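K.L.:
The listed protein sequences correspond, in order, to chains A and B. Residue numbers for the first sequence, in our numbering: 3 to 417. Residue numbers for the second sequence, in our numbering: 2 to 228.
Because the hints were derived from the structure by calculation, they are not lab data. These numbers come from a predicted model, not from an experiment. Do not rely on the hints blindly, as some may be mistaken.
Think about it this way: if two alpha-carbon atoms lie no more than 27 Å apart in a straight line, the pair counts; the simulated DSSO-like pairs of lysine-lysine are [unchecked claim]:
1) Lys187/B / Lys404/A
2) Lys177/B / Lys188/B
3) Lys260/A / Lys107/A
4) Lys14/A / Lys118/B
5) Lys113/A / Lys260/A
6) Lys187/B / Lys177/B
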Amino acid sequence: MRYWLLINQSLKAIFVNKVRSLLTVLGIVIGIASIISLVSLGEGVKVSISDRILALGASNLTVVPGAVAGARTLDPTKAPSQTRGFTLSTSSLTEKDVQSLADRKRHPHIKYISGEITGSTIVKTDRGDKRFPVLGVSPDYFAINNLTIERGRSLDQSHVDEGANVLVLGNQLAADLYGNRDPIGATLNIEGTEYEVIGVFKPAEESGLANPNIQAYIPYTSAMETFNSLNFNFIYIQATDESVVPSLKQDIRKTLLKNHQIQNSSLADFTVISSGDILSAVDSITDILTSMLTGIAAISLLVGGIGIMNIMLVSVSERTREIGLRKAVGARTVDILNQFLIEAVLLTLTGGILGIALGFMIARASESYLGFTPIVTFNTILLAVGASTMVGLVFGVYPAVKASRLNPIDALRYE
Amino acid sequence: MEHIIEMKGISKVYKTGDEDTVALQDVDLTVTRGEFLAIMGPSGSGKSTLMHIIGLLDRPTAGQYLLEGRDVSRLNDSSLARLRNQKIGFVFQQFNLLPRTTVLGNVLLPTIYGRLKNSRSRAFEVIEEVGLSDRVNHTSNQLSGGQMQRVAIARALIMNPDIILADEPTGNLDSKRSLEIIDLFKKINSRGATVIIITHEEHIARNANRTIRLLDGKIVANAERIA
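Let's have the full structure, built from the sequences with the hints guiding it.
P.N.:
Here's what the structure looks like:
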């Protein structure tokens, strides 16, 4: 049997009944278009979040206090948080932990390390009271988070050693608090202690889940006084290289377990998270969302498939005599079966291609509303083509079997 | 002379509900290669059933059918389809052309299901033979009845079949067109094909070498035309 002749005939049949074919495949078009646009939105979200997390650096590690079952799904914003400007004193991360990790002989793969005491305060500004986060950190913190000075100077080790009441502002915060005025040399009252502003950072990329531009930074030793906290909310670490992250993670665990005198590692009162851990947590969330939405879109494919089955049944009964004739001139049962399957698949595939085009346009059009770029991957298109072919096969089988089983004599007599 | 068709004791019984309808009863029929045979009989006499059995579209309930010496009663559906494609060309009263398809497309239809070298040039050849060379790219609904039947004949001829089976081929045509079609069958027959025509018109049957008459599923007359 020469299939190209059949395919050619089927294509003609589809194009002769243009309006009917288009209406028939509309369900498929809508189904495929929604799958394409939803999956590409999902991919886009994933990449844009990944970019933010990787902006932190793939070689960064975070230690958070508390044992968290299933640390892979942990996100640092859910770590024990602070209220009214002072931290809960439940944190298990001590200054000793930071100092023992900072020992370069024991941990040669640690490039930068900084603890963070997370607090916040309220100040009076021209536009009313404003609350902003105040972080007690070491100078390494700025290297880890790619913060560079725009005006004035940054915190240095002597500020930390002295517990100096000095403060560096994030770029946006400086503008919010002081407008066009120069903040250098100004004093700010943080929870009852006067701090001198010594510098302003350049605008930094919003990375991870916090915005570094709206925060203020003070030496962690001063933060311990001001926020009445001896422990850190987080310890941030940057490895010398991405490849040492997994082994470094183990080293950090060992050191901290020893510091905290915990023998059984499953009882650890802290958790070490790498950027990769956060990334895979976010990935698994967006994957679940994407597949859920795709599942919903697949329902319209199902409805479209029923439409295909319906029109193919109509086509079979319209063409009963043709089927009889084809059998008379030598078509076997399987040839008739294949012919109607090919027609059904060509219909759904046409719908699939139109759907891909429509989905692509929807994804493109939504780009300007979303603030991130939906990504149409080759795999998505492959998925759409595969899905539309499958729909054609599944819903084409019944009409095709019905056609192929027609008795040629009855079919030829059919009026 | 070679017997292209040899039927012995062919019967066909249809079961309709509790009753059995006998369409053919113990029919013996032998057709010689190159013959022009007419089958006549009133409606319900079993001539169409006989035609379907000869054309391998239907199986007899009992009896033996040798086509070119080969017993075809026991062949499976695929083998029968292949034989229909290669050995037999059908022409129907209703023409049965594919709608919205060109003359060429219709004539090429059997070549989808069987091997044929140079099918396109062969198609042009048979289209010329039936006198429609100037209408190759017309679609079937742009043709008159006589032209449509010519297309059907060209389609029957394209695979070079040994047997042409025509079921009331002039039943839907006026007498002038009927004569043209019969002349065409005579031409085809003169080139060696065996032609079997079912008709209930005496003047059509008169063109055949031999006429058999059916009544109630039995052959009641078998007459050679004395020329």
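K.L.:
Which of the listed hints are broken here?
P.N.:
Number 1 - this is the single hint that the structure violates.
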